[in-house]
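Chains A and B, in that order, are what the protein sequence lines are.
In our numbering, each residue's number is its place in the first sequence (first place is 1) plus 7.
In our numbering, each residue's number is its place in the second sequence (first place is 1) plus 7.
Think of the hints as simulated: they come from the structure by calculation, not from any bench.
Errors might be hidden in some of the hints.
The list makes no distinction among identical chains, and a pair is therefore deemed to hold if it is satisfied within one copy or across any two copies.
With a straight-line Cα cutoff of 27 Å, these simulated DSS-like cross-link-like pairs (lysine-lysine) come out [said to hold, decoys possible]:
{"id": "1", "residue 1": "Lys-66", "residue 2": "Lys-222"}
{"id": "2", "residue 1": "Lys-9", "residue 2": "Lys-222"}
{"id": "3", "residue 1": "Lys-51", "residue 2": "Lys-184"}
{"id": "4", "residue 1": "Lys-175", "residue 2": "Lys-222"}
{"id": "5", "residue 1": "Lys-85", "residue 2": "Lys-129"}
{"id": "6", "residue 1": "Lys-222", "residue 2": "Lys-179"}
{"id": "7", "residue 1": "Lys-184", "residue 2": "Lys-222"}
Remember, predicted model here, so these are calculated numbers, not experimental data.
2 protein chains.
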Amino acid sequence: MKIAVVGTGMVGETIGSRLIELGHQVAMGSRSASNEKALAFVGKHKTGASAGTFADAAKFGDVIFNCTKGESSIDALKLAGDAINGKIIVDISNPLDFSKGQPASLLPALSNTNSLGEEIQKTFPNAKVVKTLNTMWCGLMVNPSMIGGGDHTNFICGNDVDAKSQVKALLKEFGWKEQNILDLGDISNARGTEAVLPIWLRVWGATQNGAFNFKIVS
Amino acid sequence: MKIAVVGTGMVGETIGSRLIELGHQVAMGSRSASNEKALAFVGKHKTGASAGTFADAAKFGDVIFNCTKGESSIDALKLAGDAINGKIIVDISNPLDFSKGQPASLLPALSNTNSLGEEIQKTFPNAKVVKTLNTMWCGLMVNPSMIGGGDHTNFICGNDVDAKSQVKALLKEFGWKEQNILDLGDISNARGTEAVLPIWLRVWGATQNGAFNFKIVS
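Bound-form chain A, shown alone (with noise of 0.2 Å):
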């Protein structure tokens, strides 16, 4: 499948590593054409990869993910124009806010009544936004057997039900199971798993580790 990755942090380089990995061609977005860790992730894998802005990765993508920074990842998007329409975001961001001190709190705007999976969906109405992986570290999201067997809980969300169905296809090859894989329904329920973060990052904090994730045990 041909895939755009933007963002080219942490999460960004192993998500689109991964795909790779998996036989996928990824397309890096960011900001800049020359960014140089696209350049690095491009110069990294032999085959399969390759860089430019956010609108040549969304062009060259079936499939979106949202690995940008939570705080900017509107502006991101934006910036890729009208090459995301009609296609699957996966939004895997956090909308949080580091201004008012660690560990951090979440933007007011796109928190509790909001969230920043709403907020990209009502910006791109023509697009297919699915909420998912962004409750873990990354190393987990695309290795879930690092940990307990693999038998610990990822949130899906969004709106269109068919593009729910395709993107648990990819997290299947990510390592993720049926029934470890919790739809929550549409993407207001972003709010929830938007939510996961203030917790996740007092337990990392106390526990020193990050590669931890949550399970519903019932």
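With chain A's structure known, arrange chain B on it following the hints.
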């Protein structure tokens, strides 16, 4: 132990009944000494239960369980007055905002960069606030072995180390195992545990089952 339970809803009734079952003496406090639910609670238990005003209960208890609705917790505890000074408040409430549709959001003034737990501590600087149990259905609070062999996570936080130890002892009486009680640190970590509610409510909505809890898998 002499324990005050303030709040006569399902949570207060569940906590109070379990404490009596464990051999503690419980005073249930409410706005009026003739509160019907509190009197029914006393009638249900042959020994160990009493009822009174918030102040009566707080005077009686060495430990005070706050089981009021989060939106009115501060006011209810203020009615208890000076009796609160020096005592442990086990805060198991959540600052839910039911005014903006379902599922409930969090009260803006008591979430994100603040929390109900912190606000109670600020309001009663001479009390020792310990936040715990607020991330699950009340049936599980007092009987964790109901699911998954009791092997799931209960968070605790508060500024006073000794008060947390005393509350942990009570949690163990409820059936919580040491390794499943995760101390996050000071009371500001209530920002994290109260932020569990937006995801809790949505998991409940999706699964139609409230008898679940989160487990940290690592």
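Right, here's what the structure says about each hint:
| no. | hint | result |
| --- | --- | --- |
| 1 | Lys-66 - Lys-222 | neither (36 Å within a copy, 40 Å between copies) |
| 2 | Lys-9 - Lys-222 | neither (31 Å within a copy, 36 Å between copies) |
| 3 | Lys-51 - Lys-184 | neither (29 Å within a copy, 47 Å between copies) |
| 4 | Lys-175 - Lys-222 | both (18 Å within a copy, 23 Å between copies) |
| 5 | Lys-85 - Lys-129 | within (12 Å within a copy, 43 Å between copies) |
| 6 | Lys-222 - Lys-179 | both (17 Å within a copy, 22 Å between copies) |
| 7 | Lys-184 - Lys-222 | both (13 Å within a copy, 18 Å between copies) |
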